[in-house]
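Got chain A sorted already, so can you dock chain B onto it with the hints?
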Amino acid sequence: MARSFELNTTLSNLRDLKASDLSPYDAIYLGNITCRLYEANLLERPDDLREAIAAVKSQGLKAYVTSYAAPRNDFLPRLRKAFNVAAEAGADAVEVHNLGVLKIVREAHPELPVHIGGFANVYTDAGAEVLKRFGAIRITPNYELSLEEIGQIQRQVEIPMELLIHGKMPLGISDYCFLLEYEEAWGMKCPDLCQQDLFLRQGNWAMKSIGKGVLSGHDVCMLAHLLGLAVEGHTHFRIEAVSESPAYRLEVGRVYREALERAFAGIDRTEERWWETIRGHARIGLCNGFYFGKSGMEYVGARRGAEASGLGRPGTDLLQLSQVKGVIR
Amino acid sequence: MSRILHRVDVPILLAPAGDPTAAVAALESGADAIYVGLKGWSRGGAKGELTGEELLEVLAAVHAQGRKLQVALNVIPGQGERRYLIGRVAELIGWGIDGVIVNDPGLLAELRARYPGLSITASIGAAAMNGADVAFYRDLGAEAVVLPGTLSPDELRAAAQIPDVRIEVMIHMVEEFLMLGKCWMPSYYRVNPTPLAELQGEGSRLVGSVKRGGVGVCFKVCEQPWGLYLNGQQVTERLLPSRQISPINQVSDILDAGVDVIKLQGRSLSPDLLAPLVRRYRAAIDAWLNGTPLPPVHHEPSLDQSWTVARR
Numbered sequence: 003m004a005r006s007f008e009l010n011t012t013l014s015n016l017r018d019l020k021a022s023d024l025s026p027y028d029a030i031y032l033g034n035i036t037c038r039l040y041e042a043n044l045l046e047r048p049d050d051l052r053e054a055i056a057a058v059k060s061q062g063l064k065a066y067v068t069s070y071a072a073p074r075n076d077f078l079p080r081l082r083k084a085f086n087v088a089a090e091a092g093a094d095a096v097e098v099h100n101l102g103v104l105k106i107v108r109e110a111h112p113e114l115p116v117h118i119g120g121f122a123n124v125y126t127d128a129g130a131e132v133l134k135r136f137g138a139i140r141i142t143p144n145y146e147l148s149l150e151e152i153g154q155i156q157r158q159v160e161i162p163m164e165l166l167i168h169g170k171m172p173l174g175i176s177d178y179c180f181l182l183e184y185e186e187a188w189g190m191k192c193p194d195l196c197q198q199d200l201f202l203r204q205g206n207w208a209m210k211s212i213g214k215g216v217l218s219g220h221d222v223c224m225l226a227h228l229l230g231l232a233v234e235g236h237t238h239f240r241i242e243a244v245s246e247s248p249a250y251r252l253e254v255g256r257v258y259r260e261a262l263e264r265a266f267a268g269i270d271r272t273e274e275r276w277w278e279t280i281r282g283h284a285r286i287g288l289c290n291g292f293y294f295g296k297s298g299m300e301y302v303g304a305r306r307g308a309e310a311s312g313l314g315r316p317g318t319d320l321l322q323l324s325q326v327k328g329v330i331r
Numbered sequence: 034m035s036r037i038l039h040r041v042d043v044p045i046l047l048a049p050a051g052d053p054t055a056a057v058a059a060l061e062s063g064a065d066a067i068y069v070g071l072k073g074w075s076r077g078g079a080k081g082e083l084t085g086e087e088l089l090e091v092l093a094a095v096h097a098q099g100r101k102l103q104v105a106l107n108v109i110p111g112q113g114e115r116r117y118l119i120g121r122v123a124e125l126i127g128w129g130i131d132g133v134i135v136n137d138p139g140l141l142a143e144l145r146a147r148y149p150g151l152s153i154t155a156s157i158g159a160a161a162m163n164g165a166d167v168a169f170y171r172d173l174g175a176e177a178v179v180l181p182g183t184l185s186p187d188e189l190r191a192a193a194q195i196p197d198v199r200i201e202v203m204i205h206m207v208e209e210f211l212m213l214g215k216c217w218m219p220s221y222y223r224v225n226p227t228p229l230a231e232l233q234g235e236g237s238r239l240v241g242s243v244k245r246g247g248v249g250v251c252f253k254v255c256e257q258p259w260g261l262y263l264n265g266q267q268v269t270e271r272l273l274p275s276r277q278i279s280p281i282n283q284v285s286d287i288l289d290a291g292v293d294v295i296k297l298q299g300r301s302l303s304p305d306l307l308a309p310l311v312r313r314y315r316a317a318i319d320a321w322l323n324g325t326p327l328p329p330v331h332h333e334p335s336l337d338q339s340w341t342v343a344r345r
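Sequence lines, in order, name chains A and B. Under our numbering, the first residue of the first sequence carries the number 3, and numbering increases by one thereafter. Under our numbering, the first residue of the second sequence carries the number 34, and numbering increases by one thereafter.
None of the hints are false.
Under the rule of at most 20 Å between Cα atoms (straight-line distance), these lysine to any residue pairs were calculated in the SDA-like manner:
no., chain 1, residue 1, chain 2, residue 2
1, A, K296, B, Y222
2, A, K134, B, Q112
3, A, K296, B, F252
Covered stretches of chain A, as calculated for chain B (at least 3 residues, CB under 8 Å):
no., stretch
4, 96-110
5, 144-157
Some chain B residues near chain A, calculated using beta-carbon distances under 7 Å:
no., residue
6, M212
7, M218
8, G260
Hints are computed from structural coordinates only; laboratory data are not their basis. We put the CB at the ideal spot given by N, CA and C, even for glycine.
Pulled out of the complex, with its shape left as it was, chain A reads as follows (with noise of 0.2 Å):
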């Protein structure tokens, strides 16, 4: 099993960046893969990255740059310049969602390590071997991926995956913000309407919008899971707090460090404190995403039969990986 692992997130501007204590992380995606209009997006302003970049590296933390979900061509102009900011400021990393966006990122600095990120579908090892021979070292598998299936790629292609382990999970991406429609009747204008607390629900089904996305409505929540991770050599580990407020990505964070740090030690034991700061800030509920063969909105507590809302008893006692995908199967 390693003894290191890297635990990083997202943020989509300097207020936000300005805002967060980044300490319990190891690095920082910069920028918003969603929308040009997201405020102050750090893709769309040059100098902004510039500054984020080494706000982040004077913090002992790598600095990554991420890139749009879905660009059209106008956008690439401006993903040159981001990833040309990229370059000149140090960045360890850029990640790509789009297959030409990497096509891009390569011919234009081929010294640029070069993360998959979760929106490029790599849904098997055969694209995985793909994107390896494009130059990318480190991949987000697709979101519908099980752990029995990421695990093989990896073991197949042999380049590390990076996986979402907590926070609000990609369903989507459009290119239509239906939430334009209601800058008049709610007396507010974009950039702020995607900003606000907005959920879509029918019955106990629930998505945060996000304007030109949406996200689960549930927290994807692999707490109990993680020495399960560390056992099956995953090294790389993403809290997803692009939505979510300064105290979301401390407090969670925090919890996640310490938690992961206990698993790559060996030690098998979860704390009741841990799980409130997770209820306390899980608006709707926990999942597991897809990592255990189910539906993504599903939780699969380390005990059988953990409810689906998350929110009842999640385990304390934890099982390693093999004895919960015996559980499931």
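Coordinates of chain B only, in the frame set by chain A:
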């Protein structure tokens, strides 16, 4: 002689067919080529896929008229499934199909390495949106890349400037709230593995997953009413935006931009809905070829039934 590798001198009208009678209707209505789904291996859904026997029947009909047939294999197969599928493609090539449509870069690369002469199209599910994407898929081995009809003629012009790859535009399509190829909302709520009979327990389709489903792929949670909550209070109930696009009056601009293939969505369309749709686009392409204006009847796309794509 092609101007550039894989490009065409005369634009192609590529029509869907979900069964042999739809294929005949499309051919009679003026399609230059047909695409079909192979049962269990395409996103087409129960009504949009053909058995091997039906595929052979359609292939004979298409080739008898000197037209071409593409086979959509646009689900993302798992590892064991992929080995089977790659072998199955050899059989399809033996039958004489004119190309396959795929959306996984890994499968595309493997097929290119295994079958150097095979025409491979990067499906709309591959989510290409810009010229750089087109160049990437060309480098990977695609002869053609499908772009969504939501792109403007200027965007298509930029894509068409990428050499040595054919540009297809899905001009008649449903634009859903979440982009095709960038959506896994249905499987977040419900996903059911369904064994693939031909693989005898070695593979399954994930019903509910847009990318890995097959028959009955997506249960369209996006088309159901959702309550929109602001700060915990419901402010409205609404449908997520989606629309039928069919900009037939832009065909000349799109072809002027250098697009090679006008593609129509709708493998689940019945022959009586498909035929008039194909005829209208045939007329639009012919008008462009002849340098004549689009017949007035086609200027404003009507919203009668023939313009409704049955949901996949």
